[in-house]
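Combine both chains into one complex, guided by the hints.
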Amino acid sequence: MDPQFIRNFCIIAHIDHGKSTLADRLLELTGALSQREMTAQVLDSMDLERERGITIKAKSIRLHYQARDGHEYRLNLIDTPGHVDFSYEVSRALSACEGALLVVDASQGVEAQTVANAFLASRHNLTIIPVINKIDLPAARPDHVKEQIESVLAIPADEALLISAKSGLGVEDVLEAIVRHVPPPKGSADAPLRALIFDSWFDAYRGAVVLVRVMEGRITPRMKIRLCASNEVYEVEALGVLTPKPIVLQELAAGDVGFIVANIKRVADARVGDTVIEADRPAPPLPDFEAIKPMVFAGLFPVNATDYELLRDALGKLQLNDAAFFYEPETSVALGFGFRCGFLGLLHMEIVQERLEREFNIDLITSAPSVRYRITTTAGEVSEIDNPTKFPPPSSIQSIEEPILTAMIITSEDSVGGVLQLCEEKRGVQKKFEYLSPTRIMLTYEMPLNEIVLDFYDRLKSVSRGYASLDYHLSGYRESDLVKLDVLVGGEPVDALTIICHRDQSYDRGRDLVSRLRKLIPRQMFEVPIQAAIGSRVIARETISAIRKNVIAKCYGGDISRKRKLLEKQKEGKKRMKRVGKVDIPQEAFLAVLKVASSTEEE
Amino acid sequence: MTLGAYIQVPFCQSKCTYCNFHTGVVARERYQPYAEAVCREIAASVSGGAPVVDTVYVGGGTPSLLDPAALAHILDALRAAYRVEAEEITLEADPETVTPAKAAAWRAAGFDRVSLGAQSFHDTELRAAGRMHRREDIFAAVDLLRTAGFRNTSLDLIAGLPHQTPKSWEESVSQLLRIYPEHVSIYLMEIDEGSRLGREALEGGQRYSAGALPSDDAMADFYESACRRLAEAGYEHYEISNWALPGRRSRHNLKYWRRDPYLGLGAGAHSFDGSVRWANVHDAARYVRILEQGSSPREQFDPLTPLQALQEELFLGLRQIEGIDFGRIERQYAELGDRLAQLHERIERLRAQGLLQTEGTCLRLAPNKLTVSNEALVELLG
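Line order of the protein sequences matches chains A and B. Sequential numbering of the first sequence, starting at 0, is according to numbering that gives the first Met the number 0. Sequential numbering of the second sequence, starting at 0, is according to numbering that gives the first Met the number 0.
If we strip away everything but chain B, and leave its shape as in the complex, we get (with noise of 0.2 Å):
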């Protein structure tokens, strides 16, 4: 089986205020010796043969931020211990970190794909979020992108940011049909006690625009017009939050859903193996001395028992909107018999309120039942 592989970059210039991520500000000086943590992590991961590996994504934080020589450096790394047969090198950049020299950089370093936390194509709303770039950086970054040689290009939206309107969700959409990017992601904003704003909206404060949040209705009434606009546009959806042009869907990001192996890379990574989830230390810094000393990174080792494995099976799997086999489902896990009876009754139930749908073996979220579908991955946890 070929092999994922992530690498985590946990900087940022600054913390937006929906950020529910491990990741920090910290000085410049410290990116280099993490950069060279990641290739020491890189060169001692491998224990005998070079395995495949096919997909490689660089995620963060904002990992744009390195020297594009680092960047280079650990994708040099990955080849020199793994058989890359890469069909995806994906690299995360935020708008205003783009310049003509990264991208080319970039590209010359073997990125093929590069993934643009665009969030809003409005000001106001980019400024309240505590986002960097403004809306003419996301044009830019493009076209620098473009120049460069980069045919793979995804825009991440945020809908529910604080002063979104029905207005100006629709016009943001609209620029970002205008840029066509080979792949798109919709975020819902999730409030949880996970982010500064998220806080706040739970307290009822104003901070951070809490109070300027749209209600959950209108969040959900974004969405839904987008999977609508973007449908007329040609995307395919694939996943809860991500479309994509034919044959442009994330191949790295798919692994997570379908419970394929992946390895990650740097502070806070996390891997599967197909039977063992495990992370790396969450602290940069720590992550960096345990490198220097030699050690492994990884700790939180959790094999996962068969019943953990089928509930994975069903809430990552069902996140895919075509949905999973569950005739592949039961002959896997035919030895937790009496459970499978229960998911059966859950599943036929979940039909019959419209929040699943059965096409032969296949089991699906409802199209129309995608805002609430933790209402249906809920009961099918059993």
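Just chain A, with the same shape it has in the complex (with noise of 0.2 Å):
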């Protein structure tokens, strides 16, 4: 097909403002899926996805369209995922795409990752087309919204469509505002060949699918074809598109997106960011995407020791299909062999936590989440260190670095003030307080990666009651003054609940911390303390007395089927706690040191 019939764009929106409603519309209306074959929300497969309503994984699908000029075009919508952990995916769907589509909800109007997305847009020089979406809401405001779009993302909102994804009102008018405004892609098929790996995925029959945009030249069957970051050299089995059932073809030529099956066995040997030559003519690579890099660590362990082996196989698993998933053995001395694991960030972490309990059915225990920390020794040497328990001691660190974040954060005009006490107490430093209206405002704050990782997110949600958004972006290391608080139960250093935080805060997260356990520790045969620890100091202490009263009173006229099942519920009940020296603590007691309140929330 002639390039300029061709269309290659993308949809980009904060979460909830309706980006896969559009898409399954978009589908529909094009006759990809019939309405019977409609699961709602095709493009997020995942049923993770599909539940918390997060595309995950970026997918592309081929749409036929016929445009009011009377021509048939092919559109290629490539997706990206909704979430500030993945916004590394994000950048490298649009390196795919000339256009982007940008959904605003019509009565939440521009939120934080809006901001972020656009911006990536143009920082990729797509052309960016505003869509207001949910306008048939008693609350949309329109009008509003298209001022926002003007003065906080420099975008023209004049011509913004205004559709509702959800009834498909207006979804006609975005298939020819596509049409007319993203710009054919460039690139000749004569061209050597060279196509941009921007996702795979693991198949368990064909090894790694991976999807590519081709920029110049064609891919063909049984062609050789190189991947410049190993250089090794693979031979295509099979090509086509997905729309979205995969359709095989004997082509892909420039401007087109689609996958490719080259017998190549692992989803890590096809780098997303490298570029796909020919093997018989050389070309220059592509620009390359910077390697993606797990910011957030965290120890996880199979509650029985006998799923270990299982949970190695599930990580494996996992990986295959999750280049941003990193993992390596780890041992505990509370939970013993496990895995240290990094993530991009903790819902990328709840995610892998959350298949793994539910897809491979093992019961985990996750140590507290940590981040990369740059520690210079006396000695003058320098080290990045992720977890806790492997810091030097005290005495031998010079200084120690964390990572900072720029963050964006979008809320009310009436909760400004609890936000603005929630980033102080979190260590933020304010950089830029803006009106984007009269009742909204954005903030920009450079914060420890370290705060944002405990409880940042659901704070900020609670203090504004919903309505702030948040962005991010990693922009370097910082020097604090940060300790190691380890945590005694029992007399016995459990390091899996080890943390690091600021020196200033060390006495209050320490009885915080103790305080919880207290409460989250089932009493045991004998008194059990439990403390709060800088090195040999202990700064906080609480003491579980021992247990009193756990009896059977009575056996009503010979039934010992309650007694039974009494005592199995218990026995249960102890199977899946992590015994420690002497003592049983469950699994909610390792939580514990991800939920940490602030002294005003307690009070």
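Hints in this document: simulated from the structure, not taken from any laboratory. On a predicted model such as this, the values are computed, not experimentally measured, just so you know. Incorrect hints may have been included.
Claimed, not checked - Here's a subset of chain A near chain B, in silico, CB distances under 7 Å, partners left out: (1) ILE546; (2) ARG547; (3) LYS548; (4) TYR555; (5) GLY556; (6) LEU566; (7) GLN569.
Unchecked claim - The calculated DSS-like cross-link candidates involving lysine-lysine, where the alpha carbons are at most 30 Å apart (straight line), are: (8) LYS562/A with LYS368/B; (9) LYS368/B with LYS518/A; (10) LYS568/A with LYS368/B; (11) LYS101/B with LYS553/A; (12) LYS316/A with LYS574/A; (13) LYS568/A with LYS14/B; (14) LYS368/B with LYS570/A; (15) LYS368/B with LYS573/A.
What the hints assert, rightly or not - Pair ranges (Cβ atoms, derived): (16) ASN367/B with PRO528/A: 21 to 29 Å; (17) THR330/A with PRO366/B: 39 to 47 Å; (18) GLU223/B with PRO528/A: 18 to 26 Å; (19) SER514/A with PRO366/B: 34 to 42 Å; (20) ASN367/B with SER535/A: 35 to 43 Å.
Backbone N, C-alpha and C define an ideal beta-carbon position, used for all residues, glycine too.
Right under this line is the structure:
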């Protein structure tokens, strides 16, 4: 097909603004799927994606559209993830497009991810088409939203499309706007092949299936291709497009988006951002993405030691499909054998945990999430450490630097007080305070990642009663006065509960953690002291007194079944706990470190 | 082997807040058909020969609500179907239901032991728990029973009723000792999903005086204080919740802990023949209908595996303060080889923790750890 009839576009939006619904509607209108075939939100194919309403993996779908100018167009819709943890994936999806639909909820207006995604799209030189969705809601204020788009994003919004993806209102115009405004792909099909890998996933029968955008040249079956980063040569076995059903084709040419299968064993071998060239016709690689880097780290341990092998296999399977996820074996004194895992963010971590528990049926205990610290020792050596238990002794530490984020928060004026207080508490440094409108404020803060991974997002939602939105990106490292806070249960240090925090917060954090644990750890046969300590100095202590009553009083009329059930229930409960020293600690206790309340909340 | 007969009467005048048992408040007109159904079940329960029944226990619910004639009828039916060579025929009664006429009729019918649900000697506590009787009813009932010729009476107390305080508890124990019954049961309050009070307490609510429940520690103190005082008064502590004057232990209830066979009759009654456990249908109305149709009310047959039997030996047998003969258990369950070896290790660990004691081949709960006995029993479950 003549590239002038091809359009490559994506949809970007803040979470819940209707991206997936619009995608579904486009599929339906172009006949890619009959209404009967539509499970709600086709693009979100993982169960978890559908349940959480978040797209995790980018996908691409080819649509055919008969435009009003009489021509048939080939529209490649490249889906993008909708959560800040996955902004890296957004960025690579954008590289495969020439245009983007910027969907904004007509009642919510511009949110933090709207801003972040719009900036990303303009940095990729994409044509941005503003689309105001949900205009049929009673609270819709399209004119107001248009103003925001112009003033905050500096995108002309005069011709913004007003639609309701849910009812289908105005969606036809979206297709027309794509055809009219998004430029056709450039690049010649006769030039040597250069294709950008922007996604890949693992298929049990075919190995890695690789999604590419062909920038120049063409790919055909049995062609010998070379992946520039690894310099490995493969033979193309099959290629095609998703409609969303996979359709095998004989060629992908410049401007096309599609998949290739080439007997590539692992997803890691076909790195996202890499360039595919023809083995016999070398060409310079396309500009590469930055390598993806995990930001949040935690230990995952099976509750039952016998599940270790199962967990290892499950992690391996997850990694096949998730190049951003990293793991290596870790041994904890408290939790036994497990794995140190790296994630893009907290949501990514939760998703992995949930998939392990749900799809692989493994009960997990997660140690306190950590970030990667840069430590300079008194001997002048610099190392990066993501596991608090691996910190060198305080006496040999010269300085500690921690990762800093630039966070953008959009909130309502009446909640800004609470948000400012929260950012203060989280050691944020205010960089900007801007009014988007008389009632909406955009804050820019520099904030340690270490504070964000704890409970920042939940707290932000709670102080703003759900209004505030957040986006952030890593902006560097900063030296901080950090200490390692250990927790001892029954006199034994529980390494999985060790956290790194700022010295000024350590007393509050220690007290809070210890009192939380006292409530979460059941009474045992003996008194159990719980202590928080910095080095050998105990800064907080509480005691769980010995259990006094756990007895079955009576057995009515010889009915022993109730008795057996009760004992068996207690036995199951004990099995789900981890024994550290002599003390049985429930899973929830290990989560206590995640939920650190502010002193004001406790009162 | 002789048999214990348990007859279930699942009716009450009102439901106590702490009750986690299948029992209901129904119209009096339903008592008589129920008693007849029980007689029918008794008659149909014998197949060939007439086994010897040496203990009878009519429990509930509140069996003392039934017409004494109906109770007599039930005992007659038992005598007709079995060789009742009873050493103990017990009736459970609520204090306020005892009258001179009833007491005399029970005696005449053949009952020789009455178990009275006293629960507390404080009206505030009784009222909050939804009990129908008051303190004075307990003294009156005991007098009436003794006058009628009963020489074996048991009194129940509950440690942990709402509003109970150390002082009120000691006072209840003192009143009980003033009566000096032949047998005493002290039940620690159980807070679980099975009762209204338990659910309320678990949800942190205030209904049923849930907010006035003593703490677990207070309940344990009540129990341990009672242990001391009953011992001083000459009672033998023979089971976690039971005490008796010499020679007055409940022979029927001991069968449950010793895994001796017993036959349960009536709605929701449980039976054990030494290898299989079963239960009758729970619903009283359904039970009556089934027997009127001439069918069997038995359901939930549960043949025990050797491992389950071994587990029972431990979690039932160890409720006896004197403990169990582990030598016998090892011989009897030799086929479970590895399991027994594991059990040995567990016992050793629990002994080191002070939860269990051994003496020769005798194994028992440590007397000072009875209130936390589940901690040991759970471990032994394996």
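Structure-based check of all given hints:
Satisfaction of the interface hint for ILE546/A is found here, the shortest Cβ-Cβ separation to chain B being roughly 6 Å, below the 7 Å cut-off. Below 7 Å, beta-carbon pairs count as interface contacts, and ARG547/A has one with chain B at about 4 Å; its hint therefore holds. The beta carbon of LYS548/A is positioned within 7 Å of a beta carbon in chain B (closest approach about 4 Å), and the interface hint is therefore held. With its C-beta approaching chain B no nearer than about 5 Å, TYR555/A sits inside the 7 Å limit, and its interface hint holds.
For GLY556/A, the shortest C-beta to C-beta distance to chain B is roughly 5 Å, which falls under 7 Å, so the interface hint holds. Below 7 Å, beta-carbon pairs count as interface contacts, and LEU566/A has one with chain B at about 5 Å; its hint therefore holds. Given hint, GLN569/A at the interface with chain B, holds; its Cβ is 5 Å from that chain's nearest Cβ, closer than 7 Å. Restraint check: the Cα-Cα separation between LYS562/A and LYS368/B comes to about 18 Å, which is no more than 30 Å; the hinted pair holds.
Restraint check for LYS368/B and LYS518/A: the C-alpha separation of about 24 Å stays at or below 30 Å, so the hint holds. Proposed proximity of LYS568/A and LYS368/B is supported: the alpha carbons are some 21 Å apart, at most 30 Å. Taking the CA atoms of LYS101/B and LYS553/A, the gap is near 27 Å; set against the 30 Å cutoff, the hint holds. Proximity of LYS316/A to LYS574/A is assessed by CA-CA distance (about 27 Å); at most 30 Å being required, the pair is judged to hold.
In summary, the hint linking LYS568/A to LYS14/B is supported, as the alpha carbons are separated by about 27 Å, within the 30 Å threshold. At most 30 Å may separate the alpha-carbon atoms for a hinted pair to count; LYS368/B and LYS570/A meet this at roughly 19 Å. Among the hinted pairs, LYS368/B with LYS573/A is consistent with the structure: their alpha-carbon atoms are about 19 Å apart, no more than 30 Å. Take ASN367/B and PRO528/A: their Cβ atoms lie about 23 Å apart, and the range 21 to 29 Å holds.
For the pair THR330/A and PRO366/B, the beta carbons lie near 43 Å from each other, so the given range of 39 to 47 Å is met. For GLU223/B and PRO528/A, the Cβ-Cβ distance of about 25 Å falls inside the hinted range of 18 to 26 Å, so the restraint holds. At roughly 35 Å, the beta carbons of SER514/A and PRO366/B sit within the given window of 34 to 42 Å. Checked against the hint of 35 to 43 Å, the pair ASN367/B and SER535/A passes, with Cβ atoms roughly 36 Å apart.
No hint from the list above goes unmet by this structure.
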